[in-house]
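Number of protein chains: 2
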Amino acid sequence: MLRGKQTWWFDKRPVIIGAATVVGPDEGDGPLAADFDLVHPELDMQQKSWEKAERLLMEQASDFALKHAKVNKQELSFYVGGDLMNQIISSTFAARSIGAPYLGVFGACSTSMESLALAAMIINSGSGQYALAGVCSHNCTAEKQFRYPTEYGSQKPPTAQYTVTGAGAAVLAPDGDGPVVECATIGKIVDLGIKDPFNMGAAMAPAAVDTIQAHFNDTGREPKDYDLIVTGDLATVGHGIAKDLLKRDGVPMEDTVFGDCGLMVYDVARQKVQAGGSGCGCSAVVTYGHLLKRLKQGDLKRILVVATGALLSPLSFQQGESIPCIAHAVAIEAKP
Amino acid sequence: MLRGKQTWWFDKRPVIIGAATVVGPDEGDGPLAADFDLVHPELDMQQKSWEKAERLLMEQASDFALKHAKVNKQELSFYVGGDLMNQIISSTFAARSIGAPYLGVFGACSTSMESLALAAMIINSGSGQYALAGVCSHNCTAEKQFRYPTEYGSQKPPTAQYTVTGAGAAVLAPDGDGPVVECATIGKIVDLGIKDPFNMGAAMAPAAVDTIQAHFNDTGREPKDYDLIVTGDLATVGHGIAKDLLKRDGVPMEDTVFGDCGLMVYDVARQKVQAGGSGCGCSAVVTYGHLLKRLKQGDLKRILVVATGALLSPLSFQQGESIPCIAHAVAIEAKP
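Protein sequences, first through last, are from chains A and B.
Per my numbering, the very first residue in the first sequence carries number 61; after that it's consecutive.
Per my numbering, the very first residue in the second sequence carries number 61; after that it's consecutive.
The reader is advised that the hints may include incorrect statements.
In this list, chains with the same sequence are indistinguishable; a pair is considered to hold if it fits within one copy or across any two.
[Unchecked claim] Using 20 Å as the maximum straight-line C-alpha spacing, the simulated EDC-like pairs for lysine to aspartate or glutamate come out as follows: (1) Lys-133 with Asp-251; (2) Lys-255 with Glu-135; (3) Lys-356 with Asp-285; (4) Lys-284 with Asp-309; (5) Lys-216 with Glu-135; (6) Lys-133 with Asp-270.
These aren't lab readings, by the way, just hints derived from the structure by calculation.
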């Protein structure tokens, strides 16, 4: 098997038997509000720090997901989680509450699908009965860590994106009711030399395209095999670039089929979110909140979620490095 | 399967067909010097920053490991990597050079065995031909990020540990010559309330004990089933505590069987390393450099590497949080 075959097939068809999402006020003000399990009216969620609020999001999303799956914490075999914080403290402290054996992962905003792919791999291998995949982000922890202190209220260019405050979690099992994880395409680093952290959509677009192409090559599928293909958080600028690149490469995407979670989670024209949403919570809350519901309702039959990640750090930026990007894609199918 | 079964069995017995280690001057001055593929005489490795030096370690260790495995970069199916840096930039930038589909992981110093366990899971599942597991750490990047600017030359209490400058990488394949990865026990978060980042050995010891106990429970094995059981980086203080806890729990360990990579990598009495080595490079260079060689020579038949991680961040410490700890264990056997 030569490189190029970067897709994992889950022949046992692991089932998402429960999922949940918990979000902040801006996401609750957006078009998908009705799809979330809990909307916090305030960004601080009555916690003493933004970081503690982010951790709470993850704990609550996990609790709801386990409840929906009718699985006790004690029955959970593994938790695969990650977030954007240094040393992924939100997931780790949530893992302390969850109590299950824990695998921390990091792929910036692509962590949502990285964790889902790994949880599906674990269940598919027969190594556990229930695996939880969950990620979170918080607008203020991300602003504070990656940009400026939140008190600054700093202005941003229109190419910048707005980190989603939200957590999403999914419980996977070898059988049960719910959508099925079919396969996952693990991305490679793509870095075309973009250095502007206020234009991460443009930086990430080529990585999304690379993974989508690899997915089609590996699986023999085409855009028409999916009812919906969504990128994680390319937002206005990046999603347009991805569409152009795919068209150039002979894979034209219809607007009805090709979406972006960063454009779905907010009313971009009305809400003050610059180019759209970002953060690993972005693709997680759209996928686990909105898209899984549409799969269950029969509105969608098969989707591909291509979560994109910009793998820079403030330090790598300060040292003049460009932004290495990645995208991981997971195909989810409604149970027939 | 109820919780408690936290061990993955690799029935296809993935083989470590090549491994390599690259270290800094202090490790080159230690008792295992002859086991490393490359010893850098200077900490900066002629790079412009400590971070670039750390990345170089990872790139070189990967190159050597692939060379030993007789695998081209282009043939590599997946790279599973991580490090201690914020947003794991060392691994990510190395992944850009390596070019293979990439899964970033974070478990602090336990990342060494987390990445090996996941790479073994991928190969065992038949999802790839060659998987690279690799981690790195650098004394000066860790000092700078977690403690004080390196220029300070700050003094430390004797319970503190010295971060290993080194990278270790292993190439796994479904068959070939080399030691075999038998199984992996994924750890849970254990946090007994210790808040002192200058005593991480004590914080991590209970996590090591929890995973060792889980491993014995899951597998039905006992200490005598292993020629050597090594913890990752508990060093003098933590290793003593782990031994006491295991004895209390009815699992006495002989000194000849129970070691610690943090005590093996340096001559702790002679070198100025406080309680001993730490960092995800610590267990990686001892395992991939020293222990694999002893397995190949027939000196050891079966070992258990229990990599320990202290999952704090400077921010979680500043916010008064205790240190959540974890340990992941991987059993490696010489091919009969």
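Going down the list of hints, with the structure as the test:
1. Lys-133 with Asp-251: between (40 Å within a copy, 18 Å between copies)
2. Lys-255 with Glu-135: neither (45 Å within a copy, 30 Å between copies)
3. Lys-356 with Asp-285: within (18 Å within a copy, 49 Å between copies)
4. Lys-284 with Asp-309: within (16 Å within a copy, 59 Å between copies)
5. Lys-216 with Glu-135: Neither, since 45 Å and 43 Å both go past 20 Å.
6. Lys-133 with Asp-270: For Lys-133 and Asp-270, the Cα distance is within 20 Å only across copies (18 Å; inside one copy 38 Å).
In this structure, the hints that do not hold are numbers 2 and 5, in rising order.
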